[in-house]
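**Student:** Spelled out, the chains give:
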Amino acid sequence: MEKKDIIQSFKDSLFTGLIALALFGPIVGLKTVSKGEGLFITPQWGVVFLLVGLCILGRFLININSARRTEFKIFSTLSSKFSSITEDKAKHFAITGILFAVAFPFLPFTDRYFMDVAIMILTYIMLGWGLNIVVGLAGLLDLGYVAFYAVGAYSYALIATTFGWSFWICLPLAGLFAAFFGILLGFPVLRLRGDYLAIVTLGFGEIIRIILINWYEVTNGPDGITGIPRPSFFGLPFKRSPDEGETSFHLFFNLEYSTMHRIIFLYYLILVLALITNYFTLKIRKLPVGRAWEALREDEIACKSLGVNPTNTKLTAFAIGAMFGGFAGSFFATRQAFISPESFTFIESAIIVAIVVLGGMGSQTGVVLASIFLIGITEMFRDLEQYRMIAFGGAMVLIMVFKPKGILANRKPTILMHEDKK
Amino acid sequence: MEYFIQQLVNGITLGSIYGLIAIGYTMVYGIIGMINFAHGDIFMIGAFVALISFIIFGLTGVALPIILLLVLLIAMLFTACYGWTVEKLAYKPLRGSFRLAPLISALGMSIVLQNYVQVSQGARVKPMQPLFSGGLEFFKDSEFIVTVSYLQIFIVVLTIILMGIFTYLITKTDLGRAQRACEQDRTMTALLGINVDRTISITFIIGSSLASVAGMMFVLYYGVIDFYIGFLAGIKAFTAAVLGGIGSLPGAMLGGLLIGLIETFWAGYVSLEYKDVAAFSVLIVVLIFFPTGFLGKPDIEKV
Numbered sequence: 006m007e008k009k010d011i012i013q014s015f016k017d018s019l020f021t022g023l024i025a026l027a028l029f030g031p032i033v034g035l036k037t038v039s040k041g042e043g044l045f046i047t048p049q050w051g052v053v054f055l056l057v058g059l060c061i062l063g064r065f066l067i068n069i070n071s072a073r074r075t076e077f078k079i080f081s082t083l084s085s086k087f088s089s090i091t092e093d094k095a096k097h098f099a100i101t102g103i104l105f106a107v108a109f110p111f112l113p114f115t116d117r118y119f120m121d122v123a124i125m126i127l128t129y130i131m132l133g134w135g136l137n138i139v140v141g142l143a144g145l146l147d148l149g150y151v152a153f154y155a156v157g158a159y160s161y162a163l164i165a166t167t168f169g170w171s172f173w174i175c176l177p178l179a180g181l182f183a184a185f186f187g188i189l190l191g192f193p194v195l196r197l198r199g200d201y202l203a204i205v206t207l208g209f210g211e212i213i214r215i216i217l218i219n220w221y222e223v224t225n226g227p228d229g230i231t232g233i234p235r236p237s238f239f240g241l242p243f244k245r246s247p248d249e250g251e252t253s254f255h256l257f258f259n260l261e262y263s264t265m266h267r268i269i270f271l272y273y274l275i276l277v278l279a280l281i282t283n284y285f286t287l288k289i290r291k292l293p294v295g296r297a298w299e300a301l302r303e304d305e306i307a308c309k310s311l312g313v314n315p316t317n318t319k320l321t322a323f324a325i326g327a328m329f330g331g332f333a334g335s336f337f338a339t340r341q342a343f344i345s346p347e348s349f350t351f352i353e354s355a356i357i358v359a360i361v362v363l364g365g366m367g368s369q370t371g372v373v374l375a376s377i378f379l380i381g382i383t384e385m386f387r388d389l390e391q392y393r394m395i396a397f398g399g400a401m402v403l404i405m406v407f408k409p410k411g412i413l414a415n416r417k418p419t420i421l422m423h424e425d426k427k
Numbered sequence: 007m008e009y010f011i012q013q014l015v016n017g018i019t020l021g022s023i024y025g026l027i028a029i030g031y032t033m034v035y036g037i038i039g040m041i042n043f044a045h046g047d048i049f050m051i052g053a054f055v056a057l058i059s060f061i062i063f064g065l066t067g068v069a070l071p072i073i074l075l076l077v078l079l080i081a082m083l084f085t086a087c088y089g090w091t092v093e094k095l096a097y098k099p100l101r102g103s104f105r106l107a108p109l110i111s112a113l114g115m116s117i118v119l120q121n122y123v124q125v126s127q128g129a130r131v132k133p134m135q136p137l138f139s140g141g142l143e144f145f146k147d148s149e150f151i152v153t154v155s156y157l158q159i160f161i162v163v164l165t166i167i168l169m170g171i172f173t174y175l176i177t178k179t180d181l182g183r184a185q186r187a188c189e190q191d192r193t194m195t196a197l198l199g200i201n202v203d204r205t206i207s208i209t210f211i212i213g214s215s216l217a218s219v220a221g222m223m224f225v226l227y228y229g230v231i232d233f234y235i236g237f238l239a240g241i242k243a244f245t246a247a248v249l250g251g252i253g254s255l256p257g258a259m260l261g262g263l264l265i266g267l268i269e270t271f272w273a274g275y276v277s278l279e280y281k282d283v284a285a286f287s288v289l290i291v292v293l294i295f296f297p298t299g300f301l302g303k304p305d306i307e308k309v
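So the sequences go chain by chain: A and B. Quick note, our numbering runs 5 ahead of the 1-based positions in the first sequence. Quick note, our numbering runs 6 ahead of the 1-based positions in the second sequence.
It is worth saying that the hints were derived from the structure and are not from the lab. There may be inaccurate statements among the hints.
Cut-off 16 Å, straight-line C-alpha distance, at most; resulting in silico cross-link-like pairs (EDC-like, lysine to aspartate or glutamate) [to be verified]: (1) A:Lys309 with A:Glu299; (2) B:Lys94 with A:Glu299; (3) A:Lys36 with B:Asp232; (4) B:Lys146 with B:Glu8.
Bear in mind the structure is a predicted one, so any value in this text is a computation, not a measurement.
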């Protein structure tokens with residue numbers, strides 16, 4: 006490297022520092038604090054200088070490190086190798102993964118906390134797989150998926166608390182309701198182009214949330230619905246002391262009472278629901294409608310000229326995706342026994358979309374990896390609550406910039422007329 | 007009748023704020039064909055910079071018009087830096103990528119900006135003492151007195167001035183010509199010796215500055231802000247841009263006014279709780295009947 010280059014990169018770093026100073030100066034440097042009446046400013050120049058220094062240093066290192074291109078190359082070849090390995094061994098991976106998931110509750114290190122996290126991750130995997138039908142297969146960006154999750158959760162909660170029906174009757178009903186809402190929304194908006202659709206679905210998600218907050222007579226407003234019945238093991242409730250004439254789970258199987266029974270049951274419940282979603286997706290990809298989704302994702306105009314009705318095809322994807330969202334919502338309601346509009350904010354939609362996109366749109370394994378990664382990281386950094394979402398958003402940007410197709414890109418059509426010649 | 011006029015005045019004021027944000031959306035959409043999801047948060051940053059400068063200048067005791075001018079310039083400058091940086095970091099590397107990539111990157115950027123402000127400025131709402139007081143009163147004899155506050159006049163007049171400058175910039179200067187050329191055909195423009203990257207950067211700078219002015223108006227008008235205001239305001243402004251026809255600059259202003267009026271009248275006559283629903287429902291209805299908005303060009307896809 007010549008001297009001129011070093012001076013050049015040094016100047017460039019100083020410019021970066023100047024920009025960083027302008028960025029961090031007012032927002033980080035001058036913190037507004039409420040004291041009594043009115044706001045006052047507390048300067049925090051130390052933090053600003055630290056941040057600006059880091060920016061200058063980082064930029065300078067990037068500039069003088071001319072090898073950076075090769076580093077990125079190594080990164081991307083590594084990850085593409087990884088994808089091809091997982092693709093080749095997809096079956097083995099899937100079987101190992103499922104076996105591990107089945108054995109998980111009985112592993113020696115598994116405790117209550119691990120189970121809770123595992124249930125949460127599985128819920129997100131299921132939501133991710135449900136949304137994958139819409140985003141990954143049909144190529145429709147839905148930023149309001151949480152609306153269907155909410156519809157499922159609320160319809161389950163309302164039906165179960167009003168009529169006292171069992172989980173297994175309410176679950177399909179909640180799914181149907183969610184699918185109905187999917188059709189209701191999809192019908193007018195699915196003619197729109199991709200990015201309009203994203204914003205409209207986002208708006209729909211907000212509408213549902215605002216209605217949940219304000220329709221006090223039905224949804225109990227911001228207070229939410231409490232006392233949602235817990236699921237029972239084929240009619241056997243998980244209670245320490247069952248009601249008159251009832252046998253509870255631990256009495257029936259002659260076990261010592263433990264709260265873990267219910268949690269393990271919930272774990273298997275969501276595992277089964279998630280696997281059903283996955284199985285369904287894998288099967289429907291091979292049916293004409295699944296083929297039509299993938300074809301639409303690749304080229305809408307070509308599909309139209311071949312006689313595929315884009316609106317109806319998209320509508321089925323939307324409704325089926327919504328239905329699985331509704332199932333996941335019912336599970337959420339029965340697990341929490343309490344739901345309120347707070348659980349269904351836009352950020353939930355963003356997390357689910359992030360899982361699908363980061364996993365590589367259309368890749369079922371990618372969704373699993375991304376859920377474990379994102380939710381796991383979030384759990385690990387529980388103490389750094391504040392910085393969690395910054396890291397989360399930053400990861401979204403970085404992955405898009407360096408690997409726009411996601412961790413495991415699988416946009417390969419399921420069927421090819423001619424194999425690629427290499 | 008008097009109530010109607012009062013709502014009309016309030017609606018126009020609110021509409022000016024939305025219109026200024028909507029211009030940023032529509033310009034970016036016109037030039038690179040993406041929805042700049044983080045634009046609402048740029049507006050929020052503008053509001054925070056304005057609030058901080060108001061507090062600092064409030065201590066010096068300078069005359070009000072000078073404070074307003076200084077705060078305006080400072081907010082524009084610093085917020086423009088944010089717009090510029092966001093484009094360089096999150097959107098520029100993704101040009102030519104598949105079409106959802108920049109949108110998702112923008113979504114990530116929006117989350118980053120929101121939480122960045124939450125961490126550095128605190129999550130609680132920030133109140134500000136009103137700087138303006140008083141106004142003109144009409145219909146003094148009737149039961150309902152219509153008040154047009156000086157602040158409302160200031161907001162509307164400032165919007166008109168900015169729109170004038172902006173229209174001149176786009177229609178008469180070289181910069182505006184370069185920008186309109188980039189909108190039509192980026193490759194051809196580059197061949198003709200226009201620096202496309204620079205033009206796109208400037209688009210972001212202009213859009214962010216206008217959003218920061220809207221942010222300053224928001225601080226003055228509502229008196230409270232928090233890190234979350236960008237989300238709703240951003241979506242409503244985007245609705246405004248779509249309503250007017252995305253890519254069309256007069257359309258953005260018209261759409262902003264319409265959304266402001268719809269929201270105010272809905273809140274005044276129908277229901278206050280559901281006023282946000284009104285904006286979203288309008289968006290859905292408009293997209294069904296006028297997919298290209300009121301002043302938009304029909305969108306022809308070439309095969």
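**Student:** Would you mind marking each hint as holding or not holding in the structure?
**Tutor:** To see whether the hints hold, each was checked on the structure:
1. A:Lys309 with A:Glu299: 13 Å, holds
2. B:Lys94 with A:Glu299: 33 Å, violated
3. A:Lys36 with B:Asp232: 13 Å, holds
4. B:Lys146 with B:Glu8: Since the Cα atoms of lysine 146 of chain B and glutamate 8 of chain B sit roughly 10 Å apart, the hinted pair holds (cutoff 16 Å).
Checked against the numbered hints above, the structure breaks only hint 2 and satisfies the rest.
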